[in-house]
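Single-letter residue listing:
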Amino acid sequence: MSDSSSITINGNKFSFDSGETLLDVAVRNHIDIPTLCHLKGATPTGACRVCVVEVEGAKSLVESCATPASNDMIIQTESPKVIASRKMTLQLLLSSGNHNCAIRGSDSGDWTDFQIRVQQEDGSTDLCPAWGDCRLQDLAYRYQVSGDHYPGDEDLSPMERVNPFIIRDFSRCILCGKCVAACNEIQVNEAIDFGYRGASTKIITAGDRPLKDSDCVFCGECIQVCPVAALVEKDARYDARPWDLKKVKTTCTYCGVGCQILLHVKDNRVIKVTGVEDAEPNFGSLCVKGRFGFHFIHSPERLTSPLIKENGEFREASWEEAIGLVAEKLTHIRDSSGPDSIGVLTSARISNEENYIAQKFTRAVLKTNNIDHCARL
Amino acid sequence: MAGLAAAFGSGAMTNTIGDIAEADVFLATGTNTTENHPVLSSFVKRAVKFNNAKLIVVDPRRIKLTEHAEMFLRPNLGTDVAWINSLMHVIIKEDLYDKKFVDTRTNGFEELKKIVEKFTPDFVESITGILSEDIIAAAKMYAGAEKGCILYCMGITQHTTGTDNVKSLANLAMLCGNLGIRGGGVNPLRGQNNVQGACDMSGLPNVFTGYQPVTNKDFLKKHEEKWGVTGMSDQPGLTVTAMVPKAHDGEIKAIYIIGENPLVSDPDLNHAEECLSRLDLLVVQDIFLTETAKMADVVFPSVCFAEKDGTFSNTERRVQRIRKAVEPPGEAKDDWWITCEIAKRMGYDMTYENAEEIFKEISELTPSYGGINYPRIEHEGIHWPCPDENHPGTPILHIGQFPIGKGNFHAIDYIPPAEKTDDEYPLYLTTGRVIYHYHTGTMTRKTAGLNERSPESFVEISSDDAAAYNLEDGTIVNIASRRGRIKARVAVSEKAVNGTVFIPFHFAEAAANKLTNAALDPVSSIPEYKVCAVKVES
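Chains as they are written, first to last, in the numbering used here: chain A, 1 to 377; chain B, 1001 to 1538.
Misleading hints may appear alongside valid ones.
As the list claims (entries may be wrong) - Below, computed lysine-lysine pairings styled on DSS-like, alpha-carbon distance capped at 25 Å: (1) Lys367/A - Lys1226/B; (2) Lys1064/B - Lys212/A; (3) Lys309/A - Lys1294/B; (4) Lys329/A - Lys1294/B; (5) Lys212/A - Lys202/A; (6) Lys1333/B - Lys329/A; (7) Lys212/A - Lys1226/B; (8) Lys1333/B - Lys247/A; (9) Lys1487/B - Lys1446/B; (10) Lys1226/B - Lys1344/B; (11) Lys249/A - Lys1324/B; (12) Lys1099/B - Lys1113/B; (13) Lys1147/B - Lys246/A; (14) Lys247/A - Lys1064/B; (15) Lys247/A - Lys234/A; (16) Lys246/A - Lys1324/B; (17) Lys1222/B - Lys367/A; (18) Lys249/A - Lys1446/B; (19) Lys1446/B - Lys212/A; (20) Lys367/A - Lys1049/B; (21) Lys367/A - Lys1360/B; (22) Lys1147/B - Lys1446/B; (23) Lys1222/B - Lys309/A; (24) Lys234/A - Lys1446/B; (25) Lys249/A - Lys1360/B; (26) Lys309/A - Lys1406/B; (27) Lys266/A - Lys1333/B; (28) Lys81/A - Lys59/A; (29) Lys246/A - Lys1064/B; (30) Lys40/A - Lys1333/B; (31) Lys329/A - Lys1246/B; (32) Lys1099/B - Lys367/A.
Hints are computed from structural coordinates only; laboratory data are not their basis.
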């Protein structure tokens, strides 16, 4: 392929590399083609049909995520034909399940029978837990469609709540397959896949057992990629809408991989944790500890005051008193028994800055090199 | 890390996590990667599933990773030097080694060749229990790699021969020219978020930051001048495994412990507890009243990672930011603030406005961190060594040459583990972690969901051994070693090999380390957590 390989998108020419899809070229050039099923790093499936575009000379619309760019293609991403197709696709998706955001018929100002039924099924007085953080809802607004156009599906599978971390709400699943790709192609835990056929299609574990009895190790990658409310953190479900949350980027505190995480904070509490998707080393992936093991932060067992032991019992003390006592005793032991009678154990859990200060204190103030940490243990 | 430092001049993961994707053969040994480093394990699994990379797992336990492996070798506990030497025996004998690399970049090949000569696959089968044909096949597979990646963890280091084991892996990688290339390397996976940083920041008795020896007069002088003090010690201090026993003899009178829980993590816990009880002063600084903190004379409440700014250095030497997201509970304070306040009361002024100001001082004193600052790592971290602000960092170590010039082969003979089974203690015990918990469990056991998945300790045992010792799956049994006893629930599992049981060490109420042996590796002072003799009784 020559260096001058190019395609035209919405009237503008763009070069491309061999192997790039139409969606790749568009994303690279900041052209917004919506998609519900595309997952970076995984094989394109073309499952959702939202990313269709019009290619001049082609008989029908093509899925941009699964169509390789080839020289001189002329593409329209928002032509009337494309928009009509997306509207129909979205209407079908919205009517396929319990998508009870205001999108679905709220002209009268009252909640519809449908919305009330969904709330009863969900045991909540709120609208869908993904309200405000849902790709399907975003697109319904963008293309001004509702689920009223088609009759809703009956016989939706019941919600799975029996594991401690993940709620699987099949009534809101749009079968985009991102969770399947995340589990099989990103984390390679191979716990879930498409099951059954036709209208009965459902995302299942081997034998359609609950996650807790499957190969699932609760990394939660499926929740992170789910575009709707089919997979939600059990703990954070209905806890907070995205605009209530402050997101703080930091580094996970568990193993040495150093995954980049976002702490989602509301009212000085960490509500949930997600992976940072655009940064090394983890590109959004986390494990069960990193994603769900944050409750120690707000544990009532946290120490909140300096403690001094007297007659075998601890009593609370001021910083002034506790630090004064330790400084006095360390000084006495250093000066009477020698610097090497004192040892310091620092930690693989605290920061570089804190380790630095601990060793500076040991060497410059205590005047000993008796400092170590638990790397050996 | 002493093993790698002796071989290459630098004791850290040679390659990066992202790099793993490019390997065509993996040798993973002593690492239960899917449970202890789950996200990193995905890189390995993806390479196997989508890039046709081949995975060799060498581990006594049938860990989850073996499901992705082309070859699974199951050595007897503590026989690592023997099988690694045998791989090299085959590779040299069949002329499969990288002669150019060996000639131009290494010292000591003749001595290595001589020592591995006796480690024939047949001889090693008798030591390790690995079939000789499997040894030959694994040797050919690793030697045939264009980019061979070695991954290891505590299953290699927590032995009396841990340093020897690591040197042996370094030998193997050098022999096949797998250093200084993408997708290759010798990669120790760090189990705790900032082990690398704690070492880099000289939470070690023999070096200043960036591994500058305390015995070197120039380094000592540089630090005294920067810190404005005189009379610092030029003698290496005590390791944790020496410090705690010396408390027993009264040589150590005070210990200041920051964020550690040695009363669950130390070997031979009963003895460790006795040692600490004899101190004149025990100060513990932590976020919880841990088993160790309960013994303290003074406890300081500190803040956790979500409540502070700073940096961690991950297993691939990448220095990354942590950021304050929430306010700490009560009067809890930053660890550095607490230590600085003690210093001030002892007459030495240590005042910093924030963590960034401390980091600047670190950069000034530490050549490998010299070019790293907070603005540069705002979005993504940088791999040290990074000597100046225009340097991009060093994702792959040892390209072209080692920091010590040529790499050193070490001729290493096999030494059996320190403790043997006998009639009274007929089973071997090995310890480790499960995916749902972390280290001594002080953090993960505060999440109800993690406890639901993994509520209590267990003793994993093969069905044959369970039958032989009359142990019923799911019942509580006693496990005893020459040092202590605990209770745990029997878990009959295909993961276990006959003759060896496994117990996780997260659970203080059934602390596996009451059983373990405090025998140490003579170089690294790492205890032999991975092998001791026990009996299991219903």
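Hint check results:
no., hint, verdict
1, Lys367/A - Lys1226/B, "holds (15 Å)"
2, Lys1064/B - Lys212/A, "holds (17 Å)"
3, Lys309/A - Lys1294/B, "holds (9 Å)"
4, Lys329/A - Lys1294/B, "holds (19 Å)"
5, Lys212/A - Lys202/A, "holds (17 Å)"
6, Lys1333/B - Lys329/A, "holds (21 Å)"
7, Lys212/A - Lys1226/B, "violated (56 Å)"
8, Lys1333/B - Lys247/A, "holds (23 Å)"
9, Lys1487/B - Lys1446/B, "holds (22 Å)"
10, Lys1226/B - Lys1344/B, "holds (17 Å)"
11, Lys249/A - Lys1324/B, "holds (9 Å)"
12, Lys1099/B - Lys1113/B, "holds (13 Å)"
13, Lys1147/B - Lys246/A, "violated (43 Å)"
14, Lys247/A - Lys1064/B, "violated (34 Å)"
15, Lys247/A - Lys234/A, "holds (19 Å)"
16, Lys246/A - Lys1324/B, "holds (12 Å)"
17, Lys1222/B - Lys367/A, "holds (15 Å)"
18, Lys249/A - Lys1446/B, "holds (23 Å)"
19, Lys1446/B - Lys212/A, "holds (20 Å)"
20, Lys367/A - Lys1049/B, "violated (54 Å)"
21, Lys367/A - Lys1360/B, "holds (23 Å)"
22, Lys1147/B - Lys1446/B, "violated (42 Å)"
23, Lys1222/B - Lys309/A, "violated (40 Å)"
24, Lys234/A - Lys1446/B, "holds (16 Å)"
25, Lys249/A - Lys1360/B, "holds (21 Å)"
26, Lys309/A - Lys1406/B, "violated (55 Å)"
27, Lys266/A - Lys1333/B, "holds (22 Å)"
28, Lys81/A - Lys59/A, "holds (12 Å)"
29, Lys246/A - Lys1064/B, "violated (37 Å)"
30, Lys40/A - Lys1333/B, "violated (41 Å)"
31, Lys329/A - Lys1246/B, "holds (19 Å)"
32, Lys1099/B - Lys367/A, "violated (49 Å)"
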